[in-house]
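K.L.:
Please put together the full structure from these sequences, using the hints given.
Number of protein chains: 2
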Amino acid sequence: MASPEIEALTQALARLPGLGPRSARRAVLHLLKKREAALGPLRAALEAVDERLETCATCGNVDTANPCAICADPRRDPRALCVVEEVADLWALERSRLFPGRFHVLGGRLSALEGIRPEDLAIETLVARIEAGGIDEVVLAMNATLEGQTTAHYLADRIERFPVRVTQLAHGLPVGGELDYLDEGTLAQALRARRPVS
Amino acid sequence: MASPEIEALTQALARLPGLGPRSARRAVLHLLKKREAALGPLRAALEAVDERLETCATCGNVDTANPCAICADPRRDPRALCVVEEVADLWALERSRLFPGRFHVLGGRLSALEGIRPEDLAIETLVARIEAGGIDEVVLAMNATLEGQTTAHYLADRIERFPVRVTQLAHGLPVGGELDYLDEGTLAQALRARRPVS
Ligand SMILES: [Zn+2]
Ligand SMILES: [Zn+2]
Numbered sequence: 004m005a006s007p008e009i010e011a012l013t014q015a016l017a018r019l020p021g022l023g024p025r026s027a028r029r030a031v032l033h034l035l036k037k038r039e040a041a042l043g044p045l046r047a048a049l050e051a052v053d054e055r056l057e058t059c060a061t062c063g064n065v066d067t068a069n070p071c072a073i074c075a076d077p078r079r080d081p082r083a084l085c086v087v088e089e090v091a092d093l094w095a096l097e098r099s100r101l102f103p104g105r106f107h108v109l110g111g112r113l114s115a116l117e118g119i120r121p122e123d124l125a126i127e128t129l130v131a132r133i134e135a136g137g138i139d140e141v142v143l144a145m146n147a148t149l150e151g152q153t154t155a156h157y158l159a160d161r162i163e164r165f166p167v168r169v170t171q172l173a174h175g176l177p178v179g180g181e182l183d184y185l186d187e188g189t190l191a192q193a194l195r196a197r198r199p200v201s
Numbered sequence: 004m005a006s007p008e009i010e011a012l013t014q015a016l017a018r019l020p021g022l023g024p025r026s027a028r029r030a031v032l033h034l035l036k037k038r039e040a041a042l043g044p045l046r047a048a049l050e051a052v053d054e055r056l057e058t059c060a061t062c063g064n065v066d067t068a069n070p071c072a073i074c075a076d077p078r079r080d081p082r083a084l085c086v087v088e089e090v091a092d093l094w095a096l097e098r099s100r101l102f103p104g105r106f107h108v109l110g111g112r113l114s115a116l117e118g119i120r121p122e123d124l125a126i127e128t129l130v131a132r133i134e135a136g137g138i139d140e141v142v143l144a145m146n147a148t149l150e151g152q153t154t155a156h157y158l159a160d161r162i163e164r165f166p167v168r169v170t171q172l173a174h175g176l177p178v179g180g181e182l183d184y185l186d187e188g189t190l191a192q193a194l195r196a197r198r199p200v201s
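So the sequence lines, in the order shown, correspond to chains A and B. So in the numbering used here, the last one in the first sequence is 201, and the numbering has no gaps at all. So in the numbering used here, the last one in the second sequence is 201, and the numbering has no gaps at all.
Source of the hints: derived by calculation from the structure; they are not laboratory data. This structure is a prediction, so every number in the text was calculated from the model and none was measured. Check the hints yourself; a few may be wrong.
The calculated lysine-lysine pairs, modelled on DSBU-like cross-linking and capped at a C-alpha distance of 35 Å, are [as the list claims (entries may be wrong)]:
#: 1; chain 1: A; residue 1: K37; chain 2: B; residue 2: K36
#: 2; chain 1: A; residue 1: K36; chain 2: B; residue 2: K37
#: 3; chain 1: B; residue 1: K37; chain 2: A; residue 2: K37
#: 4; chain 1: A; residue 1: K36; chain 2: B; residue 2: K36
Among chain A residues calculated to face chain B with C-beta under 10 Å, some are [as the list claims (entries may be wrong)]:
#: 5; residue: E8
#: 6; residue: I9
#: 7; residue: L12
#: 8; residue: T13
#: 9; residue: K36
#: 10; residue: A41
#: 11; residue: R55
#: 12; residue: D66
#: 13; residue: N69
#: 14; residue: P70
#: 15; residue: R98
#: 16; residue: G188
#: 17; residue: A191
Computed spacing ranges between beta-carbons, pair by pair [as the list claims (entries may be wrong)]:
#: 18; chain 1: A; residue 1: E50; chain 2: B; residue 2: G111; range: 27 to 35 Å
#: 19; chain 1: A; residue 1: A60; chain 2: B; residue 2: D186; range: 46 to 54 Å
#: 20; chain 1: A; residue 1: D186; chain 2: B; residue 2: P44; range: 28 to 36 Å
#: 21; chain 1: B; residue 1: E39; chain 2: A; residue 2: A47; range: 14 to 22 Å
#: 22; chain 1: A; residue 1: E122; chain 2: B; residue 2: E50; range: 34 to 42 Å
#: 23; chain 1: B; residue 1: H33; chain 2: A; residue 2: A47; range: 15 to 23 Å
#: 24; chain 1: A; residue 1: L149; chain 2: B; residue 2: P24; range: 24 to 32 Å
#: 25; chain 1: A; residue 1: R82; chain 2: B; residue 2: H33; range: 30 to 38 Å
#: 26; chain 1: B; residue 1: E39; chain 2: A; residue 2: P121; range: 17 to 25 Å
#: 27; chain 1: A; residue 1: Q152; chain 2: B; residue 2: E39; range: 29 to 37 Å
#: 28; chain 1: B; residue 1: E187; chain 2: A; residue 2: D76; range: 55 to 63 Å
#: 29; chain 1: B; residue 1: E10; chain 2: A; residue 2: E122; range: 29 to 37 Å
Even for Gly, the Cβ is constructed at its ideal location relative to N, Cα and C.
P.N.:
Structure follows, in structure tokens:
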């Protein structure tokens with residue numbers, strides 16, 4: 004029987020998406036065999052993330068500062084706001100370096116199946132940011148999935164009373180595609196050809 | 004662009020067996036979204052393993068004590084020694100609770116393909132333990148793979164000069180099967196029906 008410490012680590016790893024109990028045990032074995040090369044760096048990386056990172060109260064990005072570097076950057080266009088489902092989508096767009104404005108992370112998308120309702124997402128804070136003024140365009144950069152598009156339509160309805168142009172990423176995204184999986188070229192094209200929400 | 008802290012964590016996770024760059028990024032996102040429920044416990048579990056566990060200098064087991072609880076347990080039969088490839092195999096056998104003796108972890112198996120030679124495994128310490136005396140039976144509990152069986156034959160040759168009975172797990176293990184994947188019933192049967200190495 005492995006020690007309680009090993010069981011606890013196996014269980015913590017098994018709860019990560021993509022790892023089951025079997026691969027978690029293999030990962031633990033690997034960490035125990037490579038303490039200097041694998042366990043040490045993973046521990047240090049987790050500690051750094053846990054101690055240094057916080058969630059930006061303005062946009063939901065994760066960064067070492069709050070407000071985050073993007074929100075605090077005076078060179079970013081304050082009039083353009085890009086709404087994304089997840090922090091990973093923000094990172095994907097930042098890698099393309101094509102969006103000059105700021106972001107708003109919803110923290111998910113509406114899903115009847117998973118019981119995710121508007122109040123479970125950062126929608127009130129989005130509305131408040133737009134209501135506060137100074138924003139000309141809101142880009143709804145949801146995933147090209149049914150749930151992503153449902154979320155985009157819901158948001159378009161919620162903000163249509165404000166004097167802002169509401170756009171979404173151009174079609175050209177592969178159907179069912181998720182932003183975080185796209186190459187930068189596709190993403191760049193979709194962003195350049197963004198169009199008003201009909 | 005994600006912060007350097009996030010990149011470092013993603014890379015450390017991506018190096019685990021069973022996780023690639025894509026699933027590592029998903030895991031990081033999950034950890035960032037569930038800081039209390041996932042990141043905290045994983046960090047604590049890694050710290051506990053890193054700080055409390057050491058490798059038993061006698062048998063190669065990983066435990067909070069050195070010598071490990073199995074080596075230090077006076078109720079374990081000192082005359083029976085079970086040789087396994089990996090710590091996970093020791094755990095698998097301990098879960099079956101059927102082996103009353105002690106263990107010796109080789110740290111792998113001979114492999115021409117991967118260039119793993121006898122001097123890369125804990126074979127000299129095994130020979131020394133047998134040479135020191137007091138052991139009546141050595142169970143070679145290698146995996147039922149070609150490399151495992153090659154290793155068992157090599158070990159049988161190395162220890163045939165000592166007055167010990169050398170046995171191996173009974174056939175009945177599925178061909179190509181690895182100990183760590185077997186149900187306890189199969190493992191128990193194979194252990195009970197162990198036979199002398201021919
Ligand atoms: Zn921010
Ligand atoms: Zn030991």
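K.L.:
Decide, hint by hint, whether the structure agrees.
P.N.:
Evaluated hints:
Proximity of K37 (chain A) to K36 (chain B) is assessed by CA-CA distance (about 28 Å); at most 35 Å being required, the pair is judged to hold. Between K36 (chain A) and K37 (chain B) the alpha-carbon distance is near 28 Å, which keeps this suggested pair within the 35 Å criterion. As the CA atoms of K37 (chain B) and K37 (chain A) are separated by approximately 27 Å, the hinted pair is consistent with the 35 Å bound. A hinted pair counts as satisfied when its Cα atoms are at most 35 Å apart, and K36 (chain A) with K36 (chain B) qualifies at roughly 30 Å.
Restraint check, E8 (chain A) versus chain B: the minimum CB separation of about 5 Å is within 10 Å; hint holds. Here the hint on I9 (chain A) is kept, as its CB sits about 6 Å from the closest CB of chain B, short of 10 Å. Using the Cβ-Cβ criterion of 10 Å, the hint placing L12 (chain A) at the interface with chain B is satisfied: the shortest such distance is roughly 4 Å. Annotation: T13 (chain A) was flagged as interfacial toward chain B, and the flag holds, the nearest CB pair being 8 Å apart, inside 10 Å.
Because the closest C-beta pair between K36 (chain A) and chain B is about 7 Å apart, less than 10 Å, the hint holds. Satisfaction of the interface hint for A41 (chain A) is found here, the shortest Cβ-Cβ separation to chain B being roughly 6 Å, below the 10 Å cut-off. At about 6 Å, the closest approach between the beta carbon of R55 (chain A) and any beta carbon in chain B falls short of 10 Å, and the interface hint on this residue holds. Annotation: interface hint on D66 (chain A) holds; nearest CB of chain B at approximately 6 Å, less than 10 Å.
Interface restraint check: N69 (chain A) against chain B, minimum CB-CB distance 12 Å, threshold 10 Å, status violated. For P70 (chain A), the interface hint is violated, since its Cβ never comes within 10 Å of a Cβ in chain B; the closest pair sits about 14 Å apart. Hint status for R98 (chain A) relative to chain B: holds, with the closest Cβ pair at about 6 Å, below 10 Å. Of the supplied interface hints, the one on G188 (chain A) is violated, with its beta-carbon coming no nearer than about 18 Å to a beta-carbon of chain B, more than 10 Å.
Here the hint on A191 (chain A) is broken, as its CB sits about 15 Å from the closest CB of chain B, past 10 Å. Between E50 (chain A) and G111 (chain B) the Cβ separation comes to about 30 Å, which falls inside the hinted range of 27 to 35 Å. A beta carbon spacing of about 51 Å between A60 (chain A) and D186 (chain B) agrees with the range 46 to 54 Å that was offered as a hint. Remark: the range hint 28 to 36 Å for D186 (chain A) to P44 (chain B) is upheld by a beta-carbon distance near 35 Å.
Between E39 (chain B) and A47 (chain A) the Cβ separation comes to about 21 Å, which falls inside the hinted range of 14 to 22 Å. Remark: the range hint 34 to 42 Å for E122 (chain A) to E50 (chain B) is upheld by a beta-carbon distance near 36 Å. Separation of H33 (chain B) from A47 (chain A) is about 20 Å and conforms to the stated range, judged on CB atoms against 15 to 23 Å. Separation of L149 (chain A) from P24 (chain B) is about 27 Å and conforms to the stated range, judged on CB atoms against 24 to 32 Å.
Evaluation of the 30 to 38 Å hint for R82 (chain A) and H33 (chain B) yields a pass: the beta carbon distance comes to about 33 Å. For the hinted restraint 17 to 25 Å between E39 (chain B) and P121 (chain A), the CB-CB distance of approximately 24 Å keeps it satisfied. Distance hint check for Q152 (chain A) and E39 (chain B): the Cβ-Cβ separation is about 32 Å, which falls inside the suggested range of 29 to 37 Å. Against the hinted window of 55 to 63 Å, the Cβ-Cβ separation of E187 (chain B) and D76 (chain A) comes to about 58 Å, which satisfies the hint.
Evaluation of the 29 to 37 Å hint for E10 (chain B) and E122 (chain A) yields a pass: the beta carbon distance comes to about 33 Å.
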